[in-house]
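Novice: Residue strings, one per chain:
2 protein chains.
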Amino acid sequence: MAGVLTQEELKKIDAYWRAANYLSVGQIYLYDNPLLKHPLDIKHVKPRLLGHWGTTPGLNFIYVHLNRVIKKYDLNMIYICGPGHGGPGMVANTFLEGTYSELYPDISQDEEGLKKLFKQFSFPGGIPSHAAPETPGSINEGGELGYSLAHAYGAVFDNPDLIAACVVGDGEAETGPLATAWHSNKFLNPAQDGAVLPILHLNGYKIAGPTVLARIDRSELESLFAGYGYKPYFVEGSEPEKMHRLMAETLDDVIGEIKLIQDEARLKDGARPQWPMIVLRTPKGWTGPKEVDGKKTEDFWRSHQVPLADLAEKKEHLKLLESWMKGYKPEELFGEGGEFKRELAELAPQGDRRMGANPHANGGLLLKDLRMPDFRDYALEVPKPGVVVAEATRVLGKFLRDIMKLNGQQKNFRAFGPDETASNRLSALFDVTNRAWMAQTITEDENLAPNGRVMEILSEHTCQGWLEGYLLTGRHGFFSTYEAFVHIVDSMFNQHAKWLKVTRDIPWRRPIASLNYLLTSHVWRQDHNGFSHQDPGFIDHVVNKKAEIVRVYLPPDANTLLSVADHCLRSRNYVNVIVAGKQPALQYLDMDAA
Amino acid sequence: MAGVLTQEELKKIDAYWRAANYLSVGQIYLYDNPLLKHPLDIKHVKPRLLGHWGTTPGLNFIYVHLNRVIKKYDLNMIYICGPGHGGPGMVANTFLEGTYSELYPDISQDEEGLKKLFKQFSFPGGIPSHAAPETPGSINEGGELGYSLAHAYGAVFDNPDLIAACVVGDGEAETGPLATAWHSNKFLNPAQDGAVLPILHLNGYKIAGPTVLARIDRSELESLFAGYGYKPYFVEGSEPEKMHRLMAETLDDVIGEIKLIQDEARLKDGARPQWPMIVLRTPKGWTGPKEVDGKKTEDFWRSHQVPLADLAEKKEHLKLLESWMKGYKPEELFGEGGEFKRELAELAPQGDRRMGANPHANGGLLLKDLRMPDFRDYALEVPKPGVVVAEATRVLGKFLRDIMKLNGQQKNFRAFGPDETASNRLSALFDVTNRAWMAQTITEDENLAPNGRVMEILSEHTCQGWLEGYLLTGRHGFFSTYEAFVHIVDSMFNQHAKWLKVTRDIPWRRPIASLNYLLTSHVWRQDHNGFSHQDPGFIDHVVNKKAEIVRVYLPPDANTLLSVADHCLRSRNYVNVIVAGKQPALQYLDMDAA
Ligand SMILES: Cc1ncc(C[n+]2csc(CCOP(=O)(O)OP(=O)(O)O)c2C)c(N)n1
Ligand SMILES: Cc1ncc(C[n+]2csc(CCOP(=O)(O)OP(=O)(O)O)c2C)c(N)n1
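Those sequence lines, one after another, are chains A and B. All residue numbers for the first sequence refer to our numbering, where the first residue is 34 and numbers rise by one. All residue numbers for the second sequence refer to our numbering, where the first residue is 34 and numbers rise by one.
Treat the hints with care, since some could be wrong.
No distinction is drawn between identical chains; accordingly, a pair holds when it is met within one copy or between any pair of copies.
[Stated by the list, open to error] Computed cross-link-like contacts, DSS-like style, restricted to lysine-lysine with a CA-CA straight-line distance of at most 27 Å:
id, residue 1, residue 2
1, Lys70, Lys352
2, Lys431, Lys328
3, Lys219, Lys329
4, Lys444, Lys148
5, Lys347, Lys70
6, Lys219, Lys348
7, Lys264, Lys219
8, Lys70, Lys292
9, Lys534, Lys292
10, Lys219, Lys45
11, Lys148, Lys301
Since the hints were made in silico from the structure, they are not lab data.
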């Protein structure tokens, strides 16, 4: 056990963690007196207490340990924060590593900056409590739980050097989208894609009760992850020193294993590997108050949000807060002027290696235009309106095929959909690529390959999550699905549209490629499948969203569809919804008119 | 192996299965000549071929084997058909057991009836191709995949004698909602609830490619289900005789195990059992054409829908269809007049034991009114509008608490929600009941018990699915959640509203209790959580649905909320959406005015 960390390193890592915890608690509670230079008074405390403490110390613990391996192995890593309500932790860490002040110079690395840092959190005119677009390094808001793992996989497709460390809340793990996203490993090719390192944040509780995964036998938990195709490593405990050692050792092992898998796969094609993952079992609200008003708080759901409330009425709560914060020994962490001690700051990686500054988490920085053929070359000849019959999406398929081909070198274009690419008449894509598939194959299989660029899993949530992750890291793609079932992702659509809307006002967030939906099988052609398959309501749902973000297109024929698709694939920061027919239909416009 | 079935029984079971397969193919293809008394001619074939063959033989195989154990053990069982697109199989089986003709006398048990049975399927003015409300014995339409397992669990809560056999498509199993619904076993109490028997229908393919679960190692698959808390039994093969024996033997084992679990739990409380489940690995399109135009079809995705098409152009396809259907030896199955041979018909259970006639699948038949206290007794005194401040949902909580109490004997009322019951100020419920919890507990836990009636899992999909299953089997309940996140179930809401709409025109479907949403944290009170938590769009989404089904209520204060809740809980066949504040707010109306 002694091997990985020297006593000196351990002390520093622990101090760094305490600093992040200190800043997190400060954000939740303090309005003033950020270094606790004065005895804590109620006037230093925010009038309304908001935020989530419970998940935060675990997130901070992970962050500092990832920093260590990033430096040690010069890793290209991003941090996907499933329990995005742990926003204080993400803010604290990006502040400690320096990214925050670079992007928001007003939040400086001194006492004044600390005060502003604390005050702005969840405060009118300040920053949201979640890992929102405002948060450096974030591509997963995490307000609506369940999408972290799909985002992580989307981020690493075609990014062979990138590792997405993905913290999954054990509550979040109960959601449907998260529960199926584990299977994404059957679609990830270690030869050309990066790696996802899932870290199950098993802190035992959600808002007001235990989580399922925390209350099943260890053997069941192990089986579950083995069944999902992972090799779980357990890091369990509450005693900081032991936990630091264990986490450091485990991360070394796990990073070694990822490298090994990648090296082997890059030498020669092989079977799907069993990817490592970490189960981190720690107390919820770790290092927070053990009891409040005689009730168990640390290691319990009571620490989910703000463990100490009513500070104005309850003097002892104020005292408890003060001793809690002082327990982190801020004087060992920050200098007189509030600057983070240099020997601790040095633990963070440098420049773009900092997770808050990694350009993959600000995909617009990396975005390259698609190479596009001239869509007019695919035009259907329509000598006279209403005479030629054609399947519009089949015509589109050829255009998409050639886009796929033209960007085969750049590797920045993928198609996503729940097993309906062929049914939606886009099979031309299979002339130039395959479905991504890392699971077993048989000789009769068609169009399956580890390096396929058509992503098909029967989960609209996973498709959408992958695509979002892919776009947010600076690539291009589209989601093709039946109109009737796109409501399955109404909610994800909402969150992504909100994300885009917010980023418009964040100068350092560079525009990303639009999220393009290609919806087929529209109502008046759904006689086959019956009532459950009929639903044009998505358009209503969509136009509800701010028009500045969402565009809806209803191209009546093949040539209009081509021109619309061309436009949408070039656009930035929109959600484009294209509703098109896959059935034979009369064609109206020739290409000039379209 | 010889033990369970005599040779005679085996022959009959096989014949019954062939009959169901014959009728399924007939529905997909035939317009006339139902008994193939005449050489098959193109004029006997439907002009447009629709429907899904691939899943159907497996569904039929399961049905006849369930019939056997129902009779043998006098089981009270319903059949939840995950791959609802296998509608032809559900129709065929309910026809063979006699239910269909009882409910639809026009579809009689003779040649004329057979002809109509075939013709109506997926035909203008006929019946849908899915396990729709029109299908006897169905509570899961299955058009939108993913909800079967949650429906099954919802159906058996508080139904100690009921077994819901739940067929899960291996494609369906990739969806998020299905992937997390396996964990429902942590909320099912064998002492007071019935049992779910999941049968994974591992036929290897979805529309156009393999499924994930079919292409991982057997050991991974076993681990996955062990991890989900089940004991998997494998029934794998394609040779009918062997498969009949194996399935019969396995079902006997599995039913025995369920009984044992229940007997033990009903003697004394115990730990959560490991419930049995079946993995049925058979060829997709089993017994269908092996090859079509030289391409692998049986045991491949090509048999997903209509394996033989273009019968008018391709004479050999017509021939193939004829020999395929004749291969089932209809003359051994049906008499001259088209009646199902008596010695085969006898294999089906009688009366209400038939899965198509089980009243649990037509819940309105079993529905009992809730016992309701007078909501006026909970009224807040509002001497003058705009003076009293109160938390409306907290007032409602007391009313709900007493409804819970009054129906404690009837056991037909439950509350559902994703970990937010307390946060939504409904904690009064915990005065009289607990959260349902069959997983591990620790001494500090509060309000957790195996017989709890508050159902909390961090999956809006599972909550909604459970509630739907609970309502469809004739009970009452409500779903309480944050308004912002209810979009997660937009799509399930759609499907349920459609179901209700259709049942209005089906006289034998009796009205069921309404699906009641209680949405809290509405926009103007969401300063805490930020932008991701703001979304009033659900109301727009909802009112899009036919007004005859959906009612939206926006009670401005506590007393109006009480009166609205009272009304909604008494109503039938609606979806009621109640949007209410949980935060302190001014109260306007006294109870008379409300
Ligand atoms: C889809 C969704 N449903 C409900 C909520 C409300 N909610 C916020 S935090 C939380 C508990 C999260 O538990 P977990 O993922 O374990 O995070 P942690 O315990 O680490 O805070 C819930 C239910 C949500 N944010 N998203
Ligand atoms: C949520 C959803 N997405 C997509 C579809 C379109 N679809 C219909 S059947 C099918 C394949 C289903 O595969 P499986 O569940 O294995 O059923 P089976 O192979 O037995 O037909 C798909 C993707 C759907 N019905 N529901």
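Novice: Determine for every hint whether it applies to the structure shown.
Specialist: Hint check results:
no., hint, result
1, Lys70 to Lys352, "within (15 Å within a copy, 92 Å between copies)"
2, Lys431 to Lys328, "between (65 Å within a copy, 25 Å between copies)"
3, Lys219 to Lys329, "between (42 Å within a copy, 24 Å between copies)"
4, Lys444 to Lys148, "neither (45 Å within a copy, 55 Å between copies)"
5, Lys347 to Lys70, "within (22 Å within a copy, 89 Å between copies)"
6, Lys219 to Lys348, "neither (55 Å within a copy, 42 Å between copies)"
7, Lys264 to Lys219, "both (14 Å within a copy, 24 Å between copies)"
8, Lys70 to Lys292, "neither (47 Å within a copy, 67 Å between copies)"
9, Lys534 to Lys292, "neither (38 Å within a copy, 56 Å between copies)"
10, Lys219 to Lys45, "neither (39 Å within a copy, 42 Å between copies)"
11, Lys148 to Lys301, "neither (54 Å within a copy, 59 Å between copies)"
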